[in-house]
Every structure is written in C-alpha cells, then in structure tokens.
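Novice: Those sequence lines, one after another, are chains A and B. Quick note, the first sequence lines up with residues 1 to 188 if you use our numbering. Quick note, the second sequence lines up with residues 1 to 221 if you use our numbering.
Simulated from the structure, these hints should not be mistaken for laboratory data. Everything numeric in this text was worked out from a predicted model, so none of it was measured. From the three backbone atoms N, C-alpha and C, an ideal C-beta is built for every residue, glycine too. Incorrect hints may have been included.
[Unchecked claim] Derived, one-sided and incomplete: chain B residues facing chain A with beta-carbon distance under 10 Å: (1) D10; (2) R49; (3) W67; (4) A69; (5) A117; (6) F146; (7) P147; (8) P170; (9) R174; (10) L177; (11) V178.
[Claimed, not checked] Computed footprint of chain B on chain A; a stretch qualifies when at least three of its residues, placed anywhere within it, have a C-beta under 8 Å from a C-beta of chain B: (12) 9 to 21; (13) 37 to 51; (14) 137 to 145; (15) 154 to 167.
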Amino acid sequence: MAESAGPESEPEIARLLAACARQDRQAFQRLYERASPQLLACLLHILRSRAMAEDALQDVFVQVWGRAGQFESGRGSAWGWLIAIARYRAIDLQRREKCLTTEPYAEIDEIPGDDEPQEAIVGLGQRATAALTNCLGALQPRQRECILLAYQGGLSHSGVAAEIGEPLGSVKSWIRRGLAALKRCLES
Amino acid sequence: MKRDEPEMLDLLAAEYALGTLRGAARRSFAQRRERDPFVDRRVRAWEDRFASLIWRLVPVAPSPAIWTAIERRVGSAPRARWRALPAAIAAAAVLGLGWLLWQQLQPGAPQATAVVASEAGAALWRVALAADGDYIEVDTVGDVRFPDERSRELWALPANTAPVSLGLMPASGRVRLVLDDDQRAALALAANVAVSDEPKGGSPTGAPTGPVLYVAALART
C-alpha cells in the first residue's frame, strides 16, 4: 500500500480519475492506494464500525470505477467528488442499518473560534482549507458545532440535536443560519 | 416557485452536501441534481467547500482484502470494449480466461517487502507480502545459522497492539507462509516485522518468548 495522499495530491487524483474513465485499471489501483486511507477515515467517522466502513469503501470504489466518466475536472475538485461519493454512501448505509451507537463524538476536532490562533491550519498551505476554517471560525459557536457534527459524523438534524442535547428546532435554525453565513463569508 | 429562488436553492444544495437534507426531500433533490446542471453546480460547489474538512481526520489503511474484493466486483476485463465488440465476445471470454490463469501463475509484484539483516548489516532473509495479501514468501538470502534445537519466528508488529506470529523462518531456501485474517490484519497495521529466538517449533505461548533478534521495516510497494 502506498503512502496516503494529502490535499496537494489534487492534480494527481484528477489525472487518475480521468484515466479510470478510460478503463485504465492500473490507474484505478493507484487511485485506490492514494485515496482509500483518507476515504476510510471519513467512512469510519460516519459509520463507526470498521466492518461497515470497509464494506462501504468497496461500494465507493466500485461506484468510482463505474462513474469516473462523469467526473469533469473543470466543474470541481477530484477530492471533493470522491469524498462526496463516500459520504453519501455512508449516510445511505447509516439510515438503512440504523447502526448508530451512542458513543459520543468526542474525537472530532474543535475548529478554533475567532479569538484563537489560526497558524496551525494556515500552515497546511491550503488556501481552501484556510478559507473554510476562517469562515467556520467566524460563525457563532453553536452554528459551527452543529455544522461540524453534521459533516464529520454524517448526522441528521435530529442526530445533531440528540448529540448536543438541544431542541430540534434550534438545531435546524443554527444549521440554516450557519450555512447562510458561511456562504456569505466564503463568497466575500 | 419560491423554492427556486437561487438563494433558497443554494441553501438546499448546502444541506444536501452537508447531509442534513434527508428522506424524500433528499431523494427528490438528488434526482433534480441529475437533471438540472445549475443545481448540480451548486451542490458541487458545496461538496468542494466542505471537502477540506477531511484533512483533519487521520488516514486509516484498509485491510488488504478490501482491494481484492473491489477487483473482483469490477470484473477483470474492460466492459466498454466488450460492449463495443459484441461479435468478439466469445474470443474475448477465452482470452479473459487465459488472462486469469496467467494472473494466477504470475502473482505480480509484492505489496510489501522487508529485508531482515544482521546487526552488521548483512542481509539474511527477504520477506515479501504477496500482491493479494494471502501469503508471505521468505527467501534465505544470506548466511543464516542457528542451532537445530531452536527456531527463528517471524512476527508482525502492528502499532499499539501485541506482535502476531507469521510463522517460522527457513534455515535455507524459500518458504511460503499462508496468512489467515488475523495475520493479514496485523500486517496491514504493521510498519515493522521482527524475528525472535524460540524453542524448536516456535513460541509455545503465542507471544515472543526469546529475545527479538532482528527488526526490519516493511516497505510498501
């Protein structure tokens, strides 16, 4: 297994996806080696079972092989495309299996608020990451917490509400307002 | 329709990408995305915005068996070409079978290797994990000597858990050690392998009992 890739691998991942669209099996294997550790981490956070996450990882790569022709590099990032396939698959499975345990999401990293230093994240050298982190940091803490829980844990509104012990209505409104504020910030 | 105001649509796209849009609303939005390139662009934009959050997660290496299963599921021949040449399907099937047989005879490059060397740096054994993860081959490549009444046992050293025995090292020549699921899992999580000194036949306890003589890094290929 090759080393897992970081955000700087975007051009390589896009090239490999284009090669998969031409049915290049070597490129498919290379793509698996480069992308599977990060996608498995993402699936594990949502499904919280190694066996289910590895099954989902299989489904994801079977889909990637079948749908690589639909990826167009001009319309978005290759990593964004892969991660979306993985997250949607996990959300699907989670709903079907009702596998949610009651373990807390304590392992999810905190996004620093406005008053906290940002160097560590900016140091990754990734503008998109820094922009998202800064804009998340500018949200009200409850809005930020709900959006992060929903994304990394693959939680529904009610899942988030149960997790943080707040009413469903408040959670819905925090997420909606948080997303609107995030959009304004990212587009400014 | 009010729902179609771009602002509203963009927030629906955001909730879809975030995953909080659920049930019938999620399914109908997914269909709409398939049909409407404008909606698809909005969703893609949100997918990309959120994607950078995954760099906060620590990557996890999948078990070796997962790739084998994926290969099986996507089939071993390019489907598009088969569709394009319906008249040649029979011939292609024969070729495909030949290719499969050839593949079994040619296991391909190993997925990981390690060279176990003496303290002085002389190579003793070369350890290679087969491409499909089903077995390990150990080649004696140097001057290996140990007493007849002792054995040399190979261990996977997975991070944070106990060593897992992989089998006994040969005094000469080559051996193939077939792996079970536990051994495969341990190897997937291991950065190193080790060789210990054990009573003849290997450790009676399932854990190394004698001193660890050599440690070698597993180089993933």
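Novice: For every hint, state whether the structure bears it out.
Specialist: We went through each hint and held it up to the structure:
{"no.": "1", "hint": "D10", "result": "holds (7 Å)"}
{"no.": "2", "hint": "R49", "result": "holds (6 Å)"}
{"no.": "3", "hint": "W67", "result": "holds (6 Å)"}
{"no.": "4", "hint": "A69", "result": "holds (5 Å)"}
{"no.": "5", "hint": "A117", "result": "violated (23 Å)"}
{"no.": "6", "hint": "F146", "result": "violated (32 Å)"}
{"no.": "7", "hint": "P147", "result": "violated (37 Å)"}
{"no.": "8", "hint": "P170", "result": "violated (26 Å)"}
{"no.": "9", "hint": "R174", "result": "violated (24 Å)"}
{"no.": "10", "hint": "L177", "result": "violated (19 Å)"}
{"no.": "11", "hint": "V178", "result": "violated (20 Å)"}
{"no.": "12", "hint": "9 to 21", "result": "violated (count 0)"}
{"no.": "13", "hint": "37 to 51", "result": "holds (count 7)"}
{"no.": "14", "hint": "137 to 145", "result": "violated (count 0)"}
{"no.": "15", "hint": "154 to 167", "result": "holds (count 5)"}
Comparing the model with each numbered hint stated earlier shows that hints 5, 6, 7, 8, 9, 10, 11, 12 and 14 do not hold.
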